Amino acid sequence: MKRLFWVVALCATLTACGTSVPLTDVPVSDATAKPVAAGSAPGATASAPPGGVAPVDLTTQNPQASVAAETRLVYFDYDSFVIKPEFQSLIAEHARLIKSQAGRKAVIEGHTDERGGREYNLALGQKRAEAVVSALTVLGVSGAQLEAVSFGKEKPAAQGADEAAFAKNRRAEIRYR
Amino acid sequence: MFSGNFFDMRFSFWLKFLWLWVALTCAPAYAQFRVEVSGVGLTQVPISFVPFKGQDASPQKISQIVQADLERSGQFRAVAAAGAGTLDELTLPNLSIFRQVGADALVSGSVNKLADGRFDVRFRLWDVVKGQDMGGQSFAVASAELRLAAHRISDYVYEKLTGDKGAFSTRIAYVTKAAQRYQLWVADADGENASPALASVEPIISPAWSPDGNQLAYVSFESRKPVVYVHDVSSGKRRLIANFKGSNSAPAWSPDGKTIAVTLSLSGGSQLFLLNANGGSAPRRLMQSGSIDTEPVFAPDGQHIYFVSDRGGSPQIYRTSLLGQNVERITFTGTYNISPAPSPDGRWLAYISRVGGAFKLHVLELQSGQSRAISNTSADESPSFAPNGKLLVFATQQQGKEALMTTTLDGGVKASLSGQSGDIREPHWGPFAR
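Top line first, the protein sequences correspond to chains A and B. For the first sequence, the numbering used here assigns the number 36 to the initial residue and increments by one for each residue that follows. For the second sequence, the numbering used here assigns the number 32 to the initial residue and increments by one for each residue that follows.
There may be inaccurate statements among the hints.
Quick list of simulated restraints, FRET-style, between CB atoms [unchecked claim]: (1) A:Gln136 - B:Ser320: 31 to 39 Å; (2) A:Thr172 - B:Gln429: 22 to 30 Å; (3) B:Arg315 - A:Val117: 26 to 34 Å; (4) A:Gly138 - B:Val386: 24 to 32 Å; (5) B:Leu354 - A:Thr172: 42 to 50 Å; (6) A:Ala192 - B:Pro77: 33 to 41 Å; (7) B:Leu354 - A:Glu121: 41 to 49 Å; (8) A:Thr172 - B:Gln356: 28 to 36 Å; (9) B:Ser452 - A:Gly195: 49 to 57 Å.
Simulated from the structure, these hints should not be mistaken for laboratory data. Note that the coordinates shown come from a computational prediction; the quantities given were computed from them, not determined experimentally. Even for Gly, the Cβ is constructed at its ideal location relative to N, Cα and C.
Construct the complete structure from the given sequences, taking the supplied hints into account.
Shown next as structure tokens:
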């Protein structure tokens with residue numbers, strides 16, 4: 036019954052993603068394609084803005100929609116990168132569905148709790164994401180369809196400095212693009 | 032400073048008393064920021080600041096900015112002198128008034144609005160003890176540059192009286208987070224006069240100034256993964272320099288500005304690579320390990336890189352040659368040592384160490400290997416040296432908010448930087464202006 040739930044939920048997710056713009060994900064644009072150059076200073080300091088700093092505003096061009104889907108989340112213990120047994124069936128279903136669509140790409144986003152440095156947490160989140168990627172690869176998913184990235188502690192799912200919040204934040208999210 | 036006379040518990044009571052005394056007597060005078068003075072044996076030059084003639088009509092109170100700068104440095108103590116009357120840079124002051132209150136030096140000056148709308152700022156520094164004129168300068172600046180003129184006065188006074196170059200007219204970069212808006216700012220070294228360089232709905236971390244102070248490298252999550260940009264501050268033009276498969280992070284410039292070290296996971300695991308700062312070349316792998324390697328930062332000699340690795344089972348700071356050889360472990364105490372920041376003279380290494388669940392700023396003397404915590408806070412991050420090596424800026428939490436502080440290397444004098452509301456983080460102190 037639980038297995039059926041995952042299958043249905045994942046099918047729903049993937050169907051939604053089948054449209055040109057996924058509802059749950061922000062399309063990734065190559066930032067080099069349209070550099071946001073604010074102010075052109077042709078070598079003259081006189082044309083530089085006050086303080087010599089030209090502002091660049093990205094907030095109007097990258098609206099973020101974040102939908103937490105339980106079917107995409109793998110939680111980890113403190114200081115751990117081991118995928119717990121209860122998440123094996125979830126990963127197996129993702130593996131089956133990714134394999135069934137050769138053009139499908141999945142990005143695994145690793146996250147940590149708020150304790151410690153930003154860059155070191157980024158590396159820890161990367162280890163979690165890569166643990167999920169290798170679990171998917173072991174199940175036969177092509178590495179070309181997968182990318183492991185990390186948000187470190189920058190995108191907590193839950194606010195708060197207690198273990199309940201920390202536990203929700205130590206996670207990897209499977210997102211389809 | 033680190034010769035073994037470490038903080039002695041016996042002084043604890045007296046330090047608290049001293050803090051209280053400083054807070055009670057000085058707090059109202061500096062609404063701009065809060066300075067905490069601790070430690071014993073601090074030698075501070077007592078100095079008087081007379082309000083600059085005409086500064087009441089100026090948008091910036093020059094003498095107050097200079098006073099705040101010099102007090103934040105930890106090397107000066109402001110001494111108020113009543114009855115000095117109005118002085119400017121041309122007045123021959125009655126130095127006996129200042130001798131009576133124990134001042135060793137005096138700064139006087141003037142601010143006048145010019146016909147073209149700019150301001151003429153002039154000052155003079157006096158050696159009160161010897162009764163000598165120690166020189167002065169004048170600046171004709173736009174209204175927006177009045178604070179910079181004040182910081183230049185601070186630099187002059189600092190160098191004349193300490194022998195070291197002042198870093199008050201330099202800039203710092205930092206990131207703010209308010210609601211779901213992240214902004215990268217460029218501000219004066221006192222945190223004021225901030226200009227926004229970048230705004231994004233996704234996080235921005237790890238800004239790093241190029242050695243010429245014209246560009247910032249940083250990590251942006253705007254494409255839903257960490258990638259590294261180089262951003263020209265005066266034009267706002269941005270270049271993606273690391274957007275490889277996986278995560279791209281932790282940029283650090285070489286002292287000659289030609290190379291940027293980064294952490295990439297393009298072949299699995301967080302590993303160190305070198306990139307040509309102008310782009311156009313494949314990343315060169317610095318070394319190969321099965322562990323996390325991250326937070327590279329060049330030593331001032333340009334020949335070594337400090338970095339963080341968990342190869343020994345816990346995150347520790349190491350040093351390697353640019354060829355990835357002769358890897359040497361630097362930190363040995365504790366099980367979590369991250370975010371290395373070498374001083375410009377290569378003598379000190381600031382870093383963050385976890386001590387009993389608290390993350391505290393530490394300073395290590397590289398020659399002796401002696402290290403100690405220099406903060407009173409418990410969520411410290413991202414230390415960065417002033418270009419003269421005399422102060423550190425770091426991020427921490429105060430009253431539940433992310434805030435920036437400066438500290439002297441011995442932790443004796445600390446100040447909270449103001450100028451922004453909300454959460455402030457990820458400071459990086461820029462180079463001297465060229």
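Report task. For the range 41 to 49 Å, tell me whether the beta carbons of B:Leu354 and A:Glu121 fit it or not. Result -> Holds - the Cβ-Cβ distance for B:Leu354 and A:Glu121, about 46 Å, lies within 41 to 49 Å.
Report task. For A:Ala192 and B:Pro77, compare the CB-CB distance with the range 33 to 41 Å and indicate the outcome. Result -> 54 Å Cβ-Cβ, so the 33 to 41 Å window is violated.
Query raised in the report: Is 22 to 30 Å right for how far apart the beta carbons of A:Thr172 and B:Gln429 are?
Result: At 45 Å between Cβs, range violated.
Query raised in the report: Within 49 to 57 Å or not, the Cβ separation of B:Ser452 and A:Gly195?
Result: violated (22 Å)
Query raised in the report: CB of A:Gly138 to CB of B:Val386, is that within 24 to 32 Å?
Result: violated (51 Å)
Requested in this report: Could you say whether the range 28 to 36 Å given as a hint is met by the Cβ separation of A:Thr172 and B:Gln356?
Outcome: The hinted range 28 to 36 Å holds for A:Thr172 and B:Gln356, with Cβ atoms some 32 Å apart.
Report task. Hint says 42 to 50 Å; check whether the CB-CB distance for B:Leu354 and A:Thr172 agrees. Result -> violated (33 Å)
Query raised in the report: Should the hint that A:Gln136 and B:Ser320 are 31 to 39 Å apart at their CB atoms be regarded as holding?
Result: holds (35 Å)
Query raised in the report: Is the hinted range of 26 to 34 Å satisfied by the C-beta distance from B:Arg315 to A:Val117?
Result: holds (33 Å)
Of the numbered hints listed earlier, those contradicted by the structure are 2, 4, 5, 6, 9.
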